[in-house]
Amino acid sequence: MMRSTASEMHVYNFLLLIRQLLPMKLSYLILMLVAVSLGFAVDPGEVNVIQPISTVISQGGSIDAGFIGPGQTLSVMVSSKVDTGGKYGQGGNWDNLRADELPSGWAASFSEYGQNLKINIKAPADAPEGRYHLLLSVNDVDDREMIGGQVQFYVEVEIRNDVIEMYVFPETMTVATGSPARYSVKLFNPSTASDAFVVEGVGVQGWGFRKEVFVPAKGSTTIYYEIVNTDEEVIPLLIRATSKSSDRVHAEHPIMLTTKSDPYYDVLSIRNGLLLYPPLEFLIYAPLYLVSSLL
Numbered sequence: 000m001m002r003s004t005a006s007e008m009h010v011y012n013f014l015l016l017i018r019q020l021l022p023m024k025l026s027y028l029i030l031m032l033v034a035v036s037l038g039f040a041v042d043p044g045e046v047n048v049i050q051p052i053s054t055v056i057s058q059g060g061s062i063d064a065g066f067i068g069p070g071q072t073l074s075v076m077v078s079s080k081v082d083t084g085g086k087y088g089q090g091g092n093w094d095n096l097r098a099d100e101l102p103s104g105w106a107a108s109f110s111e112y113g114q115n116l117k118i119n120i121k122a123p124a125d126a127p128e129g130r131y132h133l134l135l136s137v138n139d140v141d142d143r144e145m146i147g148g149q150v151q152f153y154v155e156v157e158i159r160n161d162v163i164e165m166y167v168f169p170e171t172m173t174v175a176t177g178s179p180a181r182y183s184v185k186l187f188n189p190s191t192a193s194d195a196f197v198v199e200g201v202g203v204q205g206w207g208f209r210k211e212v213f214v215p216a217k218g219s220t221t222i223y224y225e226i227v228n229t230d231e232e233v234i235p236l237l238i239r240a241t242s243k244s245s246d247r248v249h250a251e252h253p254i255m256l257t258t259k260s261d262p263y264y265d266v267l268s269i270r271n272g273l274l275l276y277p278p279l280e281f282l283i284y285a286p287l288y289l290v291s292s293l294l
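Under numbering that gives the first Met the number 0, read the sequence shown as residues 0 to 294, first letter to last.
Keep in mind the hints are simulated off the structure, nothing from the lab.
Heads up, some of the hints might be wrong.
Claimed, not checked - Each computed DSBU-like pair below joins lysine-lysine, with the alpha-carbon atoms no more than 35 angstroms apart:
id, residue 1, residue 2
1, K243, K117
2, K185, K243
3, K117, K210
4, K217, K259
5, K121, K217
6, K86, K185
Whenever a hint applies, use it, and build me the whole structure from the sequences.
Set out below in structure tokens:
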């Protein structure tokens with residue numbers, strides 16, 4: 000809804016005067032700067048939302064927070080600042096941001112007073128997929144600053160299990176038996192929530208190496224994951240990433256690993272590191288690392 004006040008009419012008339020008196024390019028620049036500043040002005044009864052999206056919202060409004068996975072945490076941040084009105088006509092500050100109504104099993108933190116007010120809302124690890132409505136509010140306790148008392152608004156968020164994507168390179172590899180096969184693993188997180196994941200290889204008997212990785216919201220992280228097989232064979236494997244928030248959030252990528260007893264692959268594999276060679280053989284293979292780095 001557009002707002003029209005007496006003060007805005009004075010501003011409008013002032014802008015028209017600037018447009019008439021100043022050169023076109025200069026007047027256009029001033030008009031743009033004033034328009035931007037007016038566009039971000041927050042009146043009593045309004046809230047400047049910073050996270051998960053940037054918008055100004057009023058009583059009963061709603062914002063779409065996108066989607067998160069079960070067990071993950073959604074952060075909501077607002078500015079405490081109100082620019083206009085208030086007890087002395089210079090705006091004021093909201094005291095807190097809180098969650099008034101949450102679905103069963105959900106939990107929220109309390110905001111601390113400051114320039115920005117932030118709460119973290121955690122979904123249950125077993126939350127079913129679907130859309131959820133969260134009722135939040137900003138509050139001016141006892142309406143001391145006369146900026147609206149309380150503004151309630153809704154946050155809509157979707158719970159999905161498929162909130163992580165995995166890319167592995169290369170998908171097939173041949174190394175010497177007992178040498179590490181090193182894979183590049185990229186995790187992309189399109190959701191609104193940051194999360195930590197555990198990366199592991201599945202399919203090699205006795206291999207339980209795990210690697211933890213943090214993946215930011217709407218971002219990606221790339222790591223190297225090593226697998227070692229002491230048997231000479233060709234085996235299909237899986238590299239799996241599982242959220243530490245809920246095992247419902249996971250991704251898998253099939254790979255093929257071939258291990259051979261062959262001097263050529265010994266030399267190629269050494270550049271990935273000496274992992275399982277006995278001490279006596281180290282004297283032989285360590286110099287070969289210099290050779291492998293040139294291949």
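Among all the numbered hints in the text so far, which are the ones the structure does not match? 4, 6
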